[in-house]
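A.B. asks: For the record, in the sequence shown the residue sitting at position 138 is 138 according to UniProt numbering, with numbers rising by one throughout.
Where hints are given, some of them may not hold.
With a straight-line cut-off of 27 Å between C-alpha atoms, the simulated DSSO-like cross-links for lysine-lysine are [claimed, not checked]: (1) 136 <-> 170; (2) 118 <-> 83; (3) 23 <-> 106; (4) 60 <-> 93; (5) 126 <-> 60; (6) 83 <-> 23; (7) 83 <-> 148; (8) 136 <-> 146; (9) 35 <-> 126; (10) 23 <-> 146; (11) 23 <-> 35; (12) 118 <-> 106; (13) 93 <-> 146.
In case anyone wonders, no lab produced these hints; they're calculated from the structure.
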Amino acid sequence: MASNTREIKRRIKSVTNIGQITKAMELVSAAEMRKAQAAATASRPYATLSSELIRSLAQKADLSSQPLINRVLPDGGKLPVQKVLVILISSDKGLAGAFNTNVISKAVSVVRAEGAEKIDFITVGKKGTDAAHRLKYNIVATFPGKDKNFALTDAQPIAQIAMQDYLAFKYEKVFIVYTDFVSTLVQRPNMLQLLPFIHSQDSISNDEFLFEPSPDAVLDILISHTIQFAIYQTLVEASASEHSARMVAMRNANEAAGDLISELSLSYNQARQAGITRELSEISAAKLAMEG
1 MASNTREIKR RIKSVTNIGQ ITKAMELVSA AEMRKAQAAA TASRPYATLS
51 SELIRSLAQK ADLSSQPLIN RVLPDGGKLP VQKVLVILIS SDKGLAGAFN
101 TNVISKAVSV VRAEGAEKID FITVGKKGTD AAHRLKYNIV ATFPGKDKNF
151 ALTDAQPIAQ IAMQDYLAFK YEKVFIVYTD FVSTLVQRPN MLQLLPFIHS
201 QDSISNDEFL FEPSPDAVLD ILISHTIQFA IYQTLVEASA SEHSARMVAM
251 RNANEAAGDL ISELSLSYNQ ARQAGITREL SEISAAKLAM EG
C-alpha cells in the first residue's frame, strides 16, 4: 500500500504544479487578450472607412495609373499568370489550442490549389516559419511574432516587400492568411487578397466624398497607406485570436488538472482506506490466533 499511495501523492503533487502553471498562463493570456481585443476592435472602423474611400476613389480616378488596383503591362497587355505571394501570420509560441494548426492548414490549402512551385511565403511568427520550412515551401522573408500588441510600424516592412515585388511584376497576386477574431471562443482562419486591391463596382455614392486636389492625387497617397493598414489589421486580429485561444486552452487545461487531482485524491483515499482495513484485519487475525 505504501508504495501505491506514495506514487499517487507524487502524481497529485505533479498535477498540482502543472495546474498552477496553467492558471498563471491563463491569467497572463486573459490580460493580453483584453488589450489585443481592444486594439483589433478599435482599428476596424478605420480599416473599413479606408476601404470605402478607395472604392469611391476608384470610381472617379484613372485606374490605368494605379497598378496596385489595376495593373497592366507597359505594352498595355494584361499580366500573365505568374507566382503568388502569401503572407502567413502565426505566433511565436504554442499552447494556444488549434490556433496555429488551423491557420497553417489554411495556407496549405492555398498551396494545394495553386501549386507549391507558384507560391512564395512571407511568414510572421515562428510557428508558421517552422511549418513552411518543414513543408519545404519557399520563404522570401520572415518576421517575428509579438507577445504584446502590434504597432502600425510593424506592418510597414511587410507592406514594402509585398508592394515592391508586386509592382516589379514578380507576383500576380498577394494574399494574407491569418486568423480573424470573432469572439473569445471563436477564431476563424481567413484569407484576404491584398493585391491587386479589390474595389467593388457596387460602391457607395460618389457624392458622399469630395476629394481635393483630385481623386487621382488622393488615391496616390491613400492606396499604399490602406494596404499597410490592412496588413496591420490582420496582425492585430491574429494577435487577439492567439491570446483568446491560449486563454481558453489554459483554462481548459486548468480545469482538466482540477478534475484529475480530484480523481487522484479519491484513489489515494481509497488506497489508504483499503490499507487500513487490511492492517486491521491482520491485527484481528493475529489476536484471534494468540487467544486460540
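A.B. asks: Starting from residue 118, check that the Cα of residue 83 is at most 27 Å away, please.
C.D. replies: Holds: residue 118 and residue 83 sit about 5 Å apart, inside 27 Å.
A.B. asks: Please work out if residue 93 and residue 146 have their alpha carbons no farther apart than 27 Å.
C.D. replies: holds, 9 Å
A.B. asks: Between the alpha carbons of residue 35 and residue 126, is the straight-line distance 27 Å or under?
C.D. replies: Given pair residue 35, residue 126 holds - Cα atoms ~22 Å apart, limit 27 Å.
A.B. asks: Starting from residue 23, check that the Cα of residue 35 is at most 27 Å away, please.
C.D. replies: holds, 19 Å
A.B. asks: Taking 27 Å as the top limit, are the C-alpha atoms of residue 23 and residue 146 close enough?
C.D. replies: holds, 21 Å
A.B. asks: So if I understand the rule, the pair passes when the alpha-carbon distance is 27 Å or less; does residue 83 with residue 23 pass?
C.D. replies: Outside the cut-off at roughly 46 Å; violated.
A.B. asks: Measure nothing beyond the straight line between the CA atoms of residue 136 and residue 170; if it is 27 Å or shorter, mark the hint as holding.
C.D. replies: Status holds; Cα separation ~20 Å.
A.B. asks: Check whether the Cα positions of residue 23 and residue 106 lie no farther apart than 27 Å.
C.D. replies: violated, 30 Å
A.B. asks: So if I understand the rule, the pair passes when the alpha-carbon distance is 27 Å or less; does residue 83 with residue 148 pass?
C.D. replies: violated, 33 Å
A.B. asks: Within 27 Å, alpha carbon to alpha carbon, are residue 136 and residue 146?
C.D. replies: Answer holds: residue 136 to residue 146 is near 25 Å, not above 27 Å.
A.B. asks: With a cut-off of 27 Å on the C-alpha distance, tell me whether residue 60 and residue 93 pass.
C.D. replies: violated, 46 Å
A.B. asks: Does the structure keep residue 118 and residue 106 at a Cα separation of 27 Å or less?
C.D. replies: Holds. Residue 118 to residue 106 sits at ~17 Å (cutoff 27 Å).
When the structure is compared with the earlier hints, violations turn up for hints 3, 4, 5, 6 and 7 and for no others.
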